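Line by line, the protein sequences give chains A and B.
FYI, the numbering for the first sequence is 1 to 303, going by full-length UniProt numbering.
FYI, the numbering for the second sequence is 1 to 303, going by full-length UniProt numbering.
Calculated from the structure, these hints are not laboratory results.
All values derive from a computational prediction rather than experimental measurement.
One thing to keep in mind: the hints can contain errors.
Distance ranges between label pairs, derived from CB positions [claimed, not checked]:
1) A:108 x B:103: 49 to 59 Å
2) A:247 x B:47: 48 to 58 Å
3) B:110 x A:241: 29 to 39 Å
4) A:154 x B:111: 16 to 26 Å
5) A:238 x B:133: 20 to 30 Å
6) A:222 x B:99: 53 to 63 Å
7) B:131 x A:20: 49 to 59 Å
8) B:87 x A:237: 28 to 38 Å
9) B:110 x A:238: 35 to 45 Å
10) A:154 x B:174: 27 to 37 Å
11) A:237 x B:12: 54 to 64 Å
12) B:277 x A:154: 34 to 44 Å
13) A:198 x B:280: 33 to 43 Å
14) A:222 x B:98: 39 to 49 Å
Straight-line C-alpha distance at most 20 Å; calculated PhoX-like pairs for lysine-lysine [claimed, not checked]:
15) B:113 x A:113
16) B:212 x A:113
17) A:190 x A:215
18) A:129 x B:113
19) A:91 x B:90
20) A:113 x B:129
21) A:12 x B:298
22) B:90 x B:110
23) A:125 x B:110
24) A:125 x B:113
25) B:298 x B:212
26) B:125 x B:215
27) B:91 x A:91
28) A:90 x B:90
29) B:129 x A:110
30) A:177 x A:280
31) A:298 x A:212
32) B:212 x A:90
33) A:129 x B:212
34) A:190 x A:113
Quick look at which bits of chain B chain A covers, simulated, 3 or more residues with Cβ under 8 Å [claimed, not checked]:
35) 13-24
36) 111-117
37) 154-167
38) 196-202
Heads up, the beta-carbon is just placed ideally off N, CA and C, and yes, glycines get one too.
There are 2 protein chains.
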Amino acid sequence: MFKNILKSFSLKQTTGFLLLLIFLLANALILWKYVLNEEKASLSVSDRIVFIGGNPRSGTTLMRVLLDVHGSIYCGPETVILLPFMALSKKLNEQLPPNVLMVRTRITAKSLKEATANFILHVLKNRNKQEDKILCAKDPPILNYMDILVDLFPNSKFIFMVRDGRAVSFSWLGYRKLEYNFQNYLDLLKEWDDRNNITMTLCDRVGPSYCKMVKYENLVLNKELVLRDLMKFLELEWNDNMLNHENFMETDVELGRKEWSNSQVIKPIYYKDSSKKWAKEIEDYDENIVREEIPMLKFFGYV
Amino acid sequence: MFKNILKSFSLKQTTGFLLLLIFLLANALILWKYVLNEEKASLSVSDRIVFIGGNPRSGTTLMRVLLDVHGSIYCGPETVILLPFMALSKKLNEQLPPNVLMVRTRITAKSLKEATANFILHVLKNRNKQEDKILCAKDPPILNYMDILVDLFPNSKFIFMVRDGRAVSFSWLGYRKLEYNFQNYLDLLKEWDDRNNITMTLCDRVGPSYCKMVKYENLVLNKELVLRDLMKFLELEWNDNMLNHENFMETDVELGRKEWSNSQVIKPIYYKDSSKKWAKEIEDYDENIVREEIPMLKFFGYV
């Protein structure tokens with residue numbers, strides 16, 4: 001039938017028809033572009049975000065540098081602002097549960113949740129120069145908000161960095177310029193214990209598809225094994241560059257000023273066996289008291 | 001030429017042509033819908049928002065009820081959440097000025113500003129059931145953030161409610177269940193003085209096209225005159241309903257629970273001449289001390 005129609009057309013008719021067809025195609029193309037954009041925008045809330053956290057001095061900077069070297073994810077320096085924003089979000093959730101919020105303010109919990117998720121996405125997306133990269137935020141205490149974040153971003157992933165509390169606390173003594181005595185050291189260890197206990201509980205609650213604990217010592221001693229396992233968890237391809245991240249520090253990794261682990265991450269990964277250091281340098285160090293009062297050391301298998 | 005083309009078409013050709021035309025029109029219509037939506041979305045940040053604030057007990061609830069009765073604006077009960085959100089926004093602005101923000105976190109001030117504006121818009125738009133209404137937020141201390149809000153929403157308007165500090169503080173004594181003595185009263189007056197001084201300074205800074213001061217006593221005594229002037233400032237049509245707002249309290253005005261001015265706004269506007277009340281009921285009341293220590297009373301013309 002179409003063949004007959006075509007045959008019966010004069011040149012004038014064919015020209016008119018062709019013009020129509022071109023107009024139609026252009027129209028359809030523009031339309032398609034809008035439909036596609038619309039879809040992209042509505043998918044954004046379910047975008048994957050990788051959150052990296054853990055007690056400070058536990059290798060969170062090293063982890064985010066390794067991911068930045070990978071190439072298909074952008075972590076960058078600490079976001080800083082996500083922490084007070086999530087703290088506020090948590091406070092509002094507690095003080096104004098959905099029904100109270102609705103009755104007092106006529107705001108729905110759903111719209112507040114959307115506004116919160118969009119805020120985070122907008123900030124992270126705009127510092128990500130290459131739009132196709134997976135979003136990532138590294139702020140040590142961010143995992144305190146894991147339960148809220150899972151609810152906001154059902155496709156997110158959490159990397160929980162853990163390092164021997166005795167090494168972490170020893171490092172903190174120096175950073176905080178405290179006297180190297182056992183009481184100060186034990187106080188820091190208790191902080192470490194509390195923080196890791198809280199994060200571990202949240203990590204268990206959201207489950208292994210969301211939260212992966214990575215031990216710093218394992219990462220350093222068995223880099224490839226740990227990273228290959230991590231890539232599976234993150235559903236990312238393997239990339240050899242991660243094995244010598246120090247070669248990419250100038251080009252692929254943006255260091256933030258004031259990140260005090262910078263001096264370490266620019267070097268190749270090495271394992272400093274400082275397992276005896278605290279015992280030697282801290283006055284009256286007592287391993288028995290440490291093991292007794294800091295249960296998370298045993299939980300993580302460090303003692 | 002087109003006439004000739006049409007004439008030379010057979011029935012089959014005409015049918016084909018008509019089908020094409022219908023398809024084309026449908027196509028164009030859908031396209032148009034997308035283009036229009038896109039425009040609407042990109043205009044959103046410049047949407048007008050009316051902010052109502054002032055010292056508590058100064059008629060902010062009355063003002064928002066009057067606007068809700070108007071019909072083309074939705075204020076509703078206090079948003080509550082905008083206050084801690086703006087406080088955080090202010091704190092971040094101060095602690096992380098644009099260059100520091102960029103260097104430390106790779107977040108641009110522009111994207112943080114957009115994320116902040118979008119958060120507020122999303123929350124306000126979603127409690128506004130009638131989409132064509134102008135957005136409005138009433139929270140007494142919201143005007144503390146006038147300078148930031150003007151920057152976020154260049155089309156916003158601010159209504160600054162002011163009421164005689166002696167009446168406000170007298171009302172507060174009862175609310176806070178304080179003893180009716182002069183020292184307590186003077187302390188509250190000083191708070192009133194400080195708050196109004198700060199808001200007045202900001203109101204002057206953003207200028208009269210953004211900020212309008214409305215005296216509660218004027219509103220009550222010269223309702224129509226004050227409201228007609230206010231409508232000009234807000235660029236809204238006059239609506240007679242505002243003159244008897246009490247008739248619309250059940251249908252057009254949503255009262256939030258816990259708004260402690262509710263018992264007053266459900267009645268017609270009346271002027272309670274309580275100008276002597278404090279002098280009578282407060283022990284050792286001294287008008288001279290009040291006039292001397294509370295300069296804003298004179299500034300606003302109350303003494």
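To see whether the hints hold, each was checked on the structure:
{"no.": "1", "hint": "A:108 x B:103: 49 to 59 Å", "in the structure": "violated (38 Å)"}
{"no.": "2", "hint": "A:247 x B:47: 48 to 58 Å", "in the structure": "holds (49 Å)"}
{"no.": "3", "hint": "B:110 x A:241: 29 to 39 Å", "in the structure": "holds (32 Å)"}
{"no.": "4", "hint": "A:154 x B:111: 16 to 26 Å", "in the structure": "holds (24 Å)"}
{"no.": "5", "hint": "A:238 x B:133: 20 to 30 Å", "in the structure": "violated (54 Å)"}
{"no.": "6", "hint": "A:222 x B:99: 53 to 63 Å", "in the structure": "violated (41 Å)"}
{"no.": "7", "hint": "B:131 x A:20: 49 to 59 Å", "in the structure": "violated (37 Å)"}
{"no.": "8", "hint": "B:87 x A:237: 28 to 38 Å", "in the structure": "violated (44 Å)"}
{"no.": "9", "hint": "B:110 x A:238: 35 to 45 Å", "in the structure": "holds (36 Å)"}
{"no.": "10", "hint": "A:154 x B:174: 27 to 37 Å", "in the structure": "violated (49 Å)"}
{"no.": "11", "hint": "A:237 x B:12: 54 to 64 Å", "in the structure": "holds (56 Å)"}
{"no.": "12", "hint": "B:277 x A:154: 34 to 44 Å", "in the structure": "violated (58 Å)"}
{"no.": "13", "hint": "A:198 x B:280: 33 to 43 Å", "in the structure": "violated (57 Å)"}
{"no.": "14", "hint": "A:222 x B:98: 39 to 49 Å", "in the structure": "holds (42 Å)"}
{"no.": "15", "hint": "B:113 x A:113", "in the structure": "holds (19 Å)"}
{"no.": "16", "hint": "B:212 x A:113", "in the structure": "violated (33 Å)"}
{"no.": "17", "hint": "A:190 x A:215", "in the structure": "holds (19 Å)"}
{"no.": "18", "hint": "A:129 x B:113", "in the structure": "holds (18 Å)"}
{"no.": "19", "hint": "A:91 x B:90", "in the structure": "holds (18 Å)"}
{"no.": "20", "hint": "A:113 x B:129", "in the structure": "holds (18 Å)"}
{"no.": "21", "hint": "A:12 x B:298", "in the structure": "violated (85 Å)"}
{"no.": "22", "hint": "B:90 x B:110", "in the structure": "holds (15 Å)"}
{"no.": "23", "hint": "A:125 x B:110", "in the structure": "holds (13 Å)"}
{"no.": "24", "hint": "A:125 x B:113", "in the structure": "holds (14 Å)"}
{"no.": "25", "hint": "B:298 x B:212", "in the structure": "holds (19 Å)"}
{"no.": "26", "hint": "B:125 x B:215", "in the structure": "violated (29 Å)"}
{"no.": "27", "hint": "B:91 x A:91", "in the structure": "holds (17 Å)"}
{"no.": "28", "hint": "A:90 x B:90", "in the structure": "holds (19 Å)"}
{"no.": "29", "hint": "B:129 x A:110", "in the structure": "holds (14 Å)"}
{"no.": "30", "hint": "A:177 x A:280", "in the structure": "holds (18 Å)"}
{"no.": "31", "hint": "A:298 x A:212", "in the structure": "holds (19 Å)"}
{"no.": "32", "hint": "B:212 x A:90", "in the structure": "violated (35 Å)"}
{"no.": "33", "hint": "A:129 x B:212", "in the structure": "violated (42 Å)"}
{"no.": "34", "hint": "A:190 x A:113", "in the structure": "violated (34 Å)"}
{"no.": "35", "hint": "13-24", "in the structure": "holds (count 5)"}
{"no.": "36", "hint": "111-117", "in the structure": "holds (count 5)"}
{"no.": "37", "hint": "154-167", "in the structure": "violated (count 0)"}
{"no.": "38", "hint": "196-202", "in the structure": "violated (count 0)"}
Violated hints for the displayed structure, listed by number in ascending order: 1, 5, 6, 7, 8, 10, 12, 13, 16, 21, 26, 32, 33, 34, 37, 38.
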